[in-house]
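If you read the protein sequences in the order shown, they are chains A and B. Just so you know, we're using the working numbering here: the first sequence kicks off at 21 and counts up by one. Just so you know, we're using the working numbering here: the second sequence kicks off at 113 and counts up by one.
Rather than coming from a laboratory, the hints here were simulated on the basis of the structure. These numbers come from a predicted model, not from an experiment. Certain hints may be false.
Unchecked claim - To give a feel for the contact side, a few chain B residues facing chain A, derived at Cβ under 8 Å:
hint: 1; residue: P188
hint: 2; residue: S190
hint: 3; residue: Q194
hint: 4; residue: Q262
hint: 5; residue: Q264
hint: 6; residue: E288
hint: 7; residue: V329
Stated by the list, open to error - Chain B is nowhere near these chain A residues, computed Cβ spacing over 10 Å in every case:
hint: 8; residue: L37
hint: 9; residue: W49
hint: 10; residue: Q63
hint: 11; residue: L82
hint: 12; residue: G97
hint: 13; residue: R99
hint: 14; residue: R127
hint: 15; residue: A136
hint: 16; residue: Y176
hint: 17; residue: A181
hint: 18; residue: A225
hint: 19; residue: F228
hint: 20; residue: E244
hint: 21; residue: S261
hint: 22; residue: V264
Yeah, the Cβ is synthetic: ideal placement off N, Cα and C, and Gly gets one too.
Here is how the chains run, residue by residue.
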Amino acid sequence: MPWVLGVPATLAVLFLLAPLLGLLVRAPWRDLGNVLAESQVLQALRLSLVCASAATVISLVLGVPLAWVLARARFRGLRLLRALVTLPLVLPPVVGGVALLIAFGRRGIVGQHLDAWFGITLPFTTQGVIVAETFVAMPFLIVTVEGAFRAADRGYEEAAATLGASRMTVFRRVTLPLIRSSLMAGSVLCWARALGEFGATITFAGNFPGRTQTMPIAVYLALEQDPEAAIALSLVLLAVSVAVLVGLRDRWLRAGSAP
Amino acid sequence: MDRIARALAPVAAAAALLAGCGGSSAPTPMGGSSSATSKGTVNVFAAASLQEAFATLGKQFEAAHPGTRIVFNFGPSSGLAQQITQGSPADVFASASTKNMDQVVTAGDSAQPTPFVKNVMEIAVPSANPAGVTSLNDLTRKNVKVALCQPQVPCGAAAAALFQNAGLAVQPVTQEVDVKSVLSKVTLGEVDAGVVYVTDVRAAGDKVKGIEIPTDVNASTTYPIATLTKAPNKATAQAFTDYVLSVDGGKVLTAAGFQKP
Chain A
21 MPWVLGVPAT LAVLFLLAPL LGLLVRAPWR DLGNVLAESQ VLQALRLSLV
71 CASAATVISL VLGVPLAWVL ARARFRGLRL LRALVTLPLV LPPVVGGVAL
121 LIAFGRRGIV GQHLDAWFGI TLPFTTQGVI VAETFVAMPF LIVTVEGAFR
171 AADRGYEEAA ATLGASRMTV FRRVTLPLIR SSLMAGSVLC WARALGEFGA
221 TITFAGNFPG RTQTMPIAVY LALEQDPEAA IALSLVLLAV SVAVLVGLRD
271 RWLRAGSAP
Chain B
113 MDRIARALAP VAAAAALLAG CGGSSAPTPM GGSSSATSKG TVNVFAAASL
163 QEAFATLGKQ FEAAHPGTRI VFNFGPSSGL AQQITQGSPA DVFASASTKN
213 MDQVVTAGDS AQPTPFVKNV MEIAVPSANP AGVTSLNDLT RKNVKVALCQ
263 PQVPCGAAAA ALFQNAGLAV QPVTQEVDVK SVLSKVTLGE VDAGVVYVTD
313 VRAAGDKVKG IEIPTDVNAS TTYPIATLTK APNKATAQAF TDYVLSVDGG
363 KVLTAAGFQK P
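Just chain B, with the same shape it has in the complex:
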């Protein structure tokens, strides 16, 4: 044992180094002039595809309600739903599909989700389009590397649905955790095409090129939002949810490419 223990000593030292870098706690800023109802931090768990639009909404909300802070946790809806039902301290959940919201409702963590936007799919290719992808059919070509979302997240389910609508069998090289991972593989040029949301193509700007999917085969997903029943900061959380559902909130979402539900 001794010799092995000695042999492992440097590793133990490295591990000890690592141990020092864990754990961080979010600061809880308290602005001086907060309104009576809206203050403190609101933890918003939102689908990865909402990243840009919600970041804007969060900033606008903070500006309108001094003393509040919106902290986002963007990720795959299925993973976020799981985190919430496992007791992660979330105030608001915005899912990219009713299915993942239903999991949270079933677990008793949310009562009344409200659908707030709809999203449709689009093909994203690197701006140089190295594989010359021009249509959905090109994704079935052998030499075209395609990235999709894993089937259990909304963007993966939508991709599967639209391939079925089109009667195509697409073999992806990877099933990414969420839609932003698919987009980044396209942006990096590691794949020739990815199936993402229309809003992702718009958010990526000129780093990717979007190729529209015919509406008769395209699939859509509806996004519900809810203030969670165990929200640590319920009043402010509800105010944020209301803001997302408001006319002003709608404008930001529409500008990002989302459709009315």
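Isolated chain A (complex conformation):
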């Protein structure tokens, strides 16, 4: 290995691993059980898992069709549309939270009608958390899946069509299976991003234990009061992340590498 590459590569590894090692070294292992048994921690973890999963499902239902449109449709303004809908990828999440408040808040341009017509107010509710997480995470799924739609071999779809399959059947039975691994990767990425969402959530949905206080918010607030608890909570999220990575490798990678 040439040292010009080896040295910075080693530095990169050290840099990426040092904070994780720090968490493990400083973790209050003895009190870990007590900290984690606190009802607020379990509440926050459960809320995080539920909201991230809900955000992923919504992203799949809405995002996959959009990814297909972006990859296959041809119309003026398509590139602009793609840039706009993937903007949350590069937008600071707090800005997303402010924008969500302006749009879907009780006085927001959409939110005031939701409130007046249906009595629905999103801020400070668990639904609000899901909305914030979906806003931030869906583009990750869209970008990943759109790439797969583009790369997928159109020949199979054409063959299915010539054999009499309807366009919907082709999509369901041919296209989706073709992009299965990307769909999985995109979902996991989307889920992980939703799980880690902080800025948009605290801005749009506020903070209340059991209703809108997700794990990242709990970690942030714990750090102000009890750093050891913050480390313990961080360990939980780290464990979840590692579990996701391992799961990704063991299950979906093998499935994905099959022809």
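Starting from the structure of chain A, add chain B where the hints point.
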């Protein structure tokens, strides 16, 4: 791995884009005609509720001491205390409660805090007052959305204390990070009422309406200020602290609605 890696490529590209936008370093202006003792930048960590008053004090101090620059970090006192004890380069700490200042003193980062103002609570409602809130009791109504500070920051502790004094159980819809976050949720009309400091209602002008809390149940908090022992710019930091404690400084704080400690 390859297919997943390829699938993730656009995301990696996005991440690379993001990586370019981090990190900024504060410029350190050095005025030409600075006095012998006061020069350079002073980092002041101050409770969110001090924002307007301290911004004025900072400008006045800079004008009186050319070559100095006061840089503020406003936030929840508990969070600021934590940042200081973790080694954030702060020169002055002004906390909204003695509790958070004590954390800094215990950690050895501050020696002699001086109480400089006192603040009491008030109910803030959006100027249109959509829920028709007129008293503390209204905050217990089911259809009234209330924002409070989280219990660990001074404004949250004070709110809890005054509800206890009044014998009321208020269920907030959100516990915000600091008092300015509560105020902004009121200003935006996302909640019907928030419990904030008297000074916040005054600073918000006509964007919110204040509803006074009876003095026999109201809670107060005392603000201490200290030059930190590890202050990178100690001499000028002390000069700023002295200015806050001076008669002129007191006038600005009183005008903002703060009381004498």
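Report task. Run the C-beta distances from A225 (chain A) to all of chain B and say if the shortest one exceeds 10 Å. Result -> The assertion about A225 (chain A) is violated, with a minimum of 8 Å to chain B.
Is it the case that Y176 (chain A) keeps its Cβ farther than 10 Å from each residue Cβ in chain B? 16 Å, holds
Open item on the list: Min Cβ distance, P188 (chain B) to chain A: is it shorter than 8 Å?
Closed with: Interface hint status for P188 (chain B): holds (7 Å vs cutoff 8 Å).
key: Status of E244 (chain A), Cβ more than 10 Å from any chain B Cβ   = For E244 (chain A), whose nearest Cβ neighbour in chain B is about 4 Å away, the distance does not exceed 10 Å, so it is violated.
Does the claim that A181 (chain A) lies off the interface hold, with its Cβ farther than 10 Å from every Cβ of chain B? 25 Å, holds
Worksheet item: Was L37 (chain A) rightly flagged as not at the interface, with every chain B Cβ beyond 10 Å?
Response: 18 Å, holds
- Query: Does the nearest C-beta of chain A fall within a distance shorter than 8 Å of the C-beta of V329 (chain B)?
  - Reply: 24 Å, violated
Less than 8 Å between beta-carbons is the criterion; does Q194 (chain B) satisfy it with respect to chain A?
5 Å, holds
Subject >> Assertion that W49 (chain A) lies farther than 10 Å from chain B (Cβ) >> reply: 21 Å, holds
Confirm or reject: S261 (chain A) is not an interface residue toward chain B, with every Cβ-Cβ distance exceeding 10 Å. 15 Å, holds
> Checking the smallest CB distance to chain B, is R99 (chain A) really beyond 10 Å?
Replying inline: 14 Å, holds
Distance rule for L82 (chain A), whose beta carbon must clear each one in chain B by more than 10 Å:
L82 (chain A) is indeed farther than 10 Å from all Cβ atoms of chain B, at 19 Å.
Against the hints set out earlier in the document, violations occur for numbers 7, 14, 18, 19 and 20.
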